[in-house]
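S.K.: Sequence:
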Amino acid sequence: APAVFTEADVYQQSFDPQEYLKEFYTLSDSQGRPNTFLMQNLRSLLKMFSLDGLRGDTLIDVGCGPTIYQLLSACERFQEIIALDYTDQNRRELEKWLKKEAGAFDWRPVVKFVCELEGDGEKWAEKEEKLRKKVRQVLKCDVTKANPTDPVSLPPADCIVSTLCLEAACKDLATFHSALRNIGALVKPGGHLVMVTVLRETYYAFNKQVFSCLHLERQAVEEAVEGAGFDVKFSEVQPYLPGDVRTDCEAVLSLVARKRASIT
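For the sequence shown, the numbering used here assigns the number 15 to the initial residue and increments by one for each residue that follows.
None of these hints come from the bench; they were simulated from the model.
A hint or two may mislead.
16 Å max Cα-Cα, derived EDC-like pairs, lysine to aspartate or glutamate [stated by the list, open to error]:
{"id": "1", "residue 1": "K141", "residue 2": "E90"}
{"id": "2", "residue 1": "K110", "residue 2": "D120"}
{"id": "3", "residue 1": "K154", "residue 2": "D23"}
{"id": "4", "residue 1": "K247", "residue 2": "D66"}
{"id": "5", "residue 1": "K141", "residue 2": "E94"}
{"id": "6", "residue 1": "K148", "residue 2": "E109"}
{"id": "7", "residue 1": "K110", "residue 2": "D30"}
{"id": "8", "residue 1": "K144", "residue 2": "D71"}
{"id": "9", "residue 1": "K144", "residue 2": "D134"}
{"id": "10", "residue 1": "K222", "residue 2": "E37"}
{"id": "11", "residue 1": "K154", "residue 2": "D164"}
{"id": "12", "residue 1": "K126", "residue 2": "E136"}
{"id": "13", "residue 1": "K113", "residue 2": "E143"}
{"id": "14", "residue 1": "K144", "residue 2": "E90"}
{"id": "15", "residue 1": "K185", "residue 2": "E21"}
{"id": "16", "residue 1": "K110", "residue 2": "E143"}
{"id": "17", "residue 1": "K147", "residue 2": "E90"}
{"id": "18", "residue 1": "K144", "residue 2": "E94"}
Given these sequences and hints, build the entire structure.
M.R.: Quick look at the structure:
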């Protein structure tokens, strides 16, 4: 594990989105072993975005990275999506796919997998088009700022989704608490937060680089979410299969919370 926290500027300077996608977002690896981590997360996201009340006009994806998997079920429930990430090359990589540019990552196997989960494997092209249409903006964000999209101010959204972001972006639990308050401010009262977070992980590695991760327990995450003004409505932990040299992750937490009405 890295002895030090991986600062934001390290992501900006040396995070390679294409290598990251190749390493973690194919449905099976070069040996043909299934990507259970990804499949499990896709199932959890479908389950969470199928819950009552998880619908509305606007969805903000906080820390999207170069990926779209986290929006595949969500795009059936929301009309407009705003994707946020700190790292320029991640936003650029996402835009490549949105604009169907040459060299964009091939998400088709993942899209087809989600369509099969949703009951119609033939709808994959339609889903890709729907998602491309609904992502209206891709903006820079910093979750450690009181307004993460500063200098842009976004109107409060019906829902925010954040997958595998805060645990990498926050150096300690206090920063994690304040980051949740910061992103929580992007949601309307009565709106929702959908999260996928790794538990008890201190590092992840790919392409000969190691990135730090904040070691979190389920209770700490739930307390931070409650402390940011939300009530946890759904929370489920799934084990992470041991024996993966790329990370010391032990489990994955999927969580949905509803923002409390502000006390005036």
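S.K.: All hints, please: hold or fail.
M.R.: Evaluated hints:
{"no.": "1", "hint": "K141 <-> E90", "verdict": "holds (8 Å)"}
{"no.": "2", "hint": "K110 <-> D120", "verdict": "holds (11 Å)"}
{"no.": "3", "hint": "K154 <-> D23", "verdict": "holds (13 Å)"}
{"no.": "4", "hint": "K247 <-> D66", "verdict": "holds (11 Å)"}
{"no.": "5", "hint": "K141 <-> E94", "verdict": "holds (14 Å)"}
{"no.": "6", "hint": "K148 <-> E109", "verdict": "holds (13 Å)"}
{"no.": "7", "hint": "K110 <-> D30", "verdict": "holds (14 Å)"}
{"no.": "8", "hint": "K144 <-> D71", "verdict": "holds (14 Å)"}
{"no.": "9", "hint": "K144 <-> D134", "verdict": "holds (15 Å)"}
{"no.": "10", "hint": "K222 <-> E37", "verdict": "holds (11 Å)"}
{"no.": "11", "hint": "K154 <-> D164", "verdict": "holds (9 Å)"}
{"no.": "12", "hint": "K126 <-> E136", "verdict": "holds (8 Å)"}
{"no.": "13", "hint": "K113 <-> E143", "verdict": "holds (11 Å)"}
{"no.": "14", "hint": "K144 <-> E90", "verdict": "holds (8 Å)"}
{"no.": "15", "hint": "K185 <-> E21", "verdict": "holds (8 Å)"}
{"no.": "16", "hint": "K110 <-> E143", "verdict": "holds (14 Å)"}
{"no.": "17", "hint": "K147 <-> E90", "verdict": "holds (12 Å)"}
{"no.": "18", "hint": "K144 <-> E94", "verdict": "holds (10 Å)"}
The structure agrees with every numbered hint stated previously.
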